[in-house]
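**Student:** The chain contents come next:
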Amino acid sequence: MSDSTATANGAVAEVHHEHPSYQRHHFESVEQQFDTTNFAMWLFLLTEVMFFGGLFTSYLIMRNWYYPAFVEGSHQLSIFWGTANTAVLLCSSFTMAMAVWSAEVRRKGMLLLFLGLTFVLGIGFLGIKGIEWHEKWEKSHVPGLRYSEASFLNPASDKEVYKEYHDKPLAPDMAAKTEQYFFLYFALTGMHALHMVIGVGILIFIMVRAKSGAYTSGHVTFVENFGLYWHFVDIIWIFLYPLLYLISRY
Amino acid sequence: MSAATIVTLPDQSTARIPKMNFLTKENGLLSWLLTGDHKRIATLYLISITFFFFIGGALAGLIRLELLTPQTSLMAADTYNKVFSMHGLIMVFFFLVPSVPATIGNFVVPMMVGAKDLALPKINLLSWYLYVLGGCMMIYTMAAGGVDTGWTFTTPLSTHYLNTNVASAATAVFIAGFSSIFTGLNFIVTIHKMRCPGMTWFRLPLFIWSNYAASILMVLGTPVLAIVLVLVVLERTVHIGVFDPAYGGDPILFQHLFWFYSHPAVYIMILPGFGVISEVISTFSRKRVFGYTAVAFSSVAIAVFAFFVWAHHMFIMGISNYSAIVFSLMTMLVAVPSAIKIFNWAFTLYKGSITFETPMLYAFGFMGLFTIGGMTGVFLGSTGTDIHLTETYFIVAHFHFVMVGGMLMSFLSGIHFWWPKWTGRMYPEKLSQLAALTTFIGFNLTFFPQFILGTLGMPRRYAAYPPEFQALNVFSTAGATVLGVGYLLPILYLTWSLKYGAIAGDNPWQATGLEWQTQSPPLTENFPEIPIMDHEAYDYEWLEKQQQKEVASVG
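As given, the protein sequences belong to chains A and B, one line each in that order. Residue 121 in this note's numbering is what sits at position 121 of the first sequence, and the numbering runs on without skipping anything. Just add 250 to the spot in the second sequence (first one is 1) and you have this note's numbering.
For reference, chain A alone in the conformation it holds in the complex:
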């Protein structure tokens, strides 16, 4: 708040405007309420940056330590599905931005359409992630549960990957470290997917409320702040994609 108000001693006579129903009692104005919750959302995203920061640090340090294992581990990831997922997520960010815009211009039909599209794309992302994880399971690349180092001790046995990269066999102790690569791969993508699942959950809630017109009467704070969250989860992926998929391509 500003200090522009003239300061007569004591308090100003309280001016009771008609408050819209969504203004909480402890805010002076809707603008203050919007400003405050928006700022809070940015701060929350900052804590999320620090949260993922710890994981990224661990990943980069381990990659430095066990470079050959991490290179060959990365070769196991499917560029096709990774790129497809990046595209899906970027599109969902676009539809989310359009949803926020529709709420601002108070067009309920369009809001529901774009929220729906965002929802479908979000589920699509999780589906593709599921396909990728399933492939890891089939190839026994799930650390702790089902793991085999065959693709790294004898890369030629893994024909598809070998055709593309011609990896050399790793020494047994280095091959064991590929399990660490997949541990971090699952920790990073799993944590990201968890954020997606939470996001999709909130999205359902928003769609239900939007249907009854809750966000098309001028109160867009919640949709806008959720949009920020959605874009943030998108940005995390924008870092994950090159660090996991592209980094060891050449």
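Honestly, the hints are just simulated from the structure, not real lab data. Quick caveat, the model's predicted, so the values are computed rather than measured. Keep in mind that the hints are not guaranteed to be accurate.
Pairs of lysine-lysine residues, derived as BS3-like cross-links and limited to a Cα-Cα distance of at most 30 Å, are as follows [said to hold, decoys possible]: (1) A/K108 to A/K139; (2) B/K537 to B/K601; (3) A/K136 to A/K168; (4) A/K139 to A/K211; (5) B/K372 to A/K108; (6) B/K372 to A/K211.
Computed from the model, here is a short list of chain B residues facing chain A with C-beta under 10 Å [claimed, not checked]: (7) G286; (8) P360; (9) L470; (10) G471; (11) V478; (12) V480; (13) E485; (14) L503; (15) L507; (16) R538; (17) L722; (18) E775; (19) I780.
Facing chain B, from chain A, some residues (calculated, C-beta under 8 Å) [stated by the list, open to error]: (20) Q32; (21) D35; (22) Q180; (23) D234.
We put the beta carbon where it would ideally sit given N, CA and C, even for glycine.
The hints should help you fit chain B onto chain A, whose structure is shown.
**Tutor:** Then chain B, alone, in the frame of chain A:
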């Protein structure tokens, strides 16, 4: 103690607690459990952290009893390991971190900035529920047999060698961590966006500045701890890891990430205490805090430095000599803003009209004990002496001087200072002065011998010790008993005062903060109208004029 006092109470024969206040507005358990009122949530927090303080305190008592004799006479060595680990975990994460911010801060921050509530009341309530959930996990951990990693979850000890309840303890701390993230987030947002008209940054009470600094640390540091704990738990369950050398991990990486949070956490624990001391020293010496701007910025400086000193916990853990030198230098730098505070408080006292009410006695205790705690920190920050002193009782004494002598003293100071505002009633003055004195004496008796024990080479975290250390340990245990009495007293007389204390009136201390310009206990909305700040912080002349005006208008 001289008879001089600034306490002015209303005429007890006619005074009444205001009928309408935040405590009486609604009744019933649900009105408390579903409340959005920051003052009620602060009360809930106060009750819960007191509960955990007494569990932690009882464990401390067991530790001191065991150390009465050189042999393991009271409990087996591995039980002892669990007792001191649980003591550390409970005291750090369930008492010290939430102590001042979540209770006193929750209660006064909105009032000090002239707002009706914290910016996000529901998030505030969520933070308390997370705290309780984390607390339940911690109690479960204890009931299931405890954990013996120390409060630091050191790998590979925690991931490889131990078969105790590491996972549930880590989950408890993880959940409690989010409770502190939400408190910090709420404070930052409130201080930025909810200030009343005329309340500029440099008119804010220093309590706000120090809580703001602590909140930055909570928001930036705690998520890193959270992810580290997730990795430790994953490592224990999946047996692949980034920290455990047996699985190809790096234990030093754990240390880096853990202390990246846990060193700032030390300042999360002490910074809000600084804020309390600023308020109390100013009120009871009737002077504006000397060098207001310097004190305000020193809080922020401590918050910034906090993120660049973590590796001083790792001097003996195999970090390179060069980084040890840099971190040692950065550690020394923290002494500068800390000293700015101590000197400025001392200058505030100079030529002030000092009176010795209980909050002030605790504040004096704080200044002495924190100075000793801080100076011994310089010993530990020097790479040379650290190698001799670390992992001995010297370090135990050092951080207890800062955490208990510093934070607990300021917490008690603050509780006594704001008690009249909180409950509308005064605590018994003489008895509380006695408690303050008992605490101070008991504290020094307990922890000063430990400095000597440490320099003589007694290691920490062992249940048994060579017989030549016994005399000093007996001193320490005797002191702990006195200290225990010092902590029990306030619980008793503060509870007593809820019903029988003298009616305090709006402003028993003649303090200048906005929270004192409203009724006690305050209304749910804090103020009848949103106040306008038209004077600097700690402006006692303004207060005097204000009171003259009131007399004139009544007459």
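**Student:** None of the hints should be skipped; say for each whether it holds.
**Tutor:** Going through the hints against the structure:
This hinted pair does not check out: A/K108 and A/K139 have alpha carbons roughly 47 Å apart, beyond 30 Å. Under the criterion of a C-alpha separation no larger than 30 Å, the hint pairing B/K537 with B/K601 is consistent with the structure, at around 9 Å. Proximity of A/K136 to A/K168 is assessed by CA-CA distance (about 21 Å); at most 30 Å being required, the pair is judged to hold. Of the supplied pair hints, the one linking A/K139 and A/K211 is violated, its CA atoms being roughly 44 Å apart against a limit of 30 Å.
For a cut-off of 30 Å, the pair hint linking B/K372 to A/K108 stands: about 28 Å separates their Cα positions. A C-alpha spacing of about 24 Å is found between B/K372 and A/K211, which places the hinted pair at or below 30 Å, so the restraint holds. The interface hint given for B/G286 is met, as the beta carbon of that residue sits about 8 Å from the closest beta carbon of chain A, less than 10 Å. The beta carbon of B/P360 comes within 8 Å of a beta carbon in chain A, closer than 10 Å, and the hint placing it at the interface holds.
At about 6 Å, the closest approach between the beta carbon of B/L470 and any beta carbon in chain A falls short of 10 Å, and the interface hint on this residue holds. Interface restraint check for B/G471: the shortest CB-CB distance to chain A comes to about 8 Å, inside 10 Å, so the restraint holds. Because the closest C-beta pair between B/V478 and chain A is about 6 Å apart, less than 10 Å, the hint holds. Given the 10 Å rule on beta carbons, the hint for B/V480 holds: about 8 Å separates it from the nearest Cβ of chain A.
With its C-beta approaching chain A no nearer than about 9 Å, B/E485 sits inside the 10 Å limit, and its interface hint holds. The beta carbon of B/L503 is positioned within 10 Å of a beta carbon in chain A (closest approach about 6 Å), and the interface hint is therefore held. Taking 10 Å as the C-beta cut-off, the interface hint given for B/L507 holds, the closest approach to chain A being about 5 Å. The restraint placing B/R538 at the interface with chain A is violated, with a minimum CB-CB distance near 19 Å, outside the 10 Å limit.
The beta carbon of B/L722 is not positioned within 10 Å of any beta carbon in chain A (closest approach about 41 Å), and the interface hint is therefore violated. Checking B/E775 against chain A by beta carbon gives a least distance of about 8 Å; that is within 10 Å, so the hint holds. Interface hint at B/I780: satisfied, since its Cβ lies 7 Å from the closest Cβ of chain A, which is below the 10 Å cut-off. For the restraint placing A/Q32 at the interface with chain B, the shortest Cβ-Cβ distance is roughly 7 Å, inside the 8 Å limit, so the hint holds.
The restraint placing A/D35 at the interface with chain B holds, with a minimum CB-CB distance near 6 Å, inside the 8 Å limit. The restraint placing A/Q180 at the interface with chain B holds, with a minimum CB-CB distance near 6 Å, inside the 8 Å limit. Evaluation of the A/D234 hint against chain B yields a violated restraint, the C-beta minimum of about 19 Å exceeding 8 Å.
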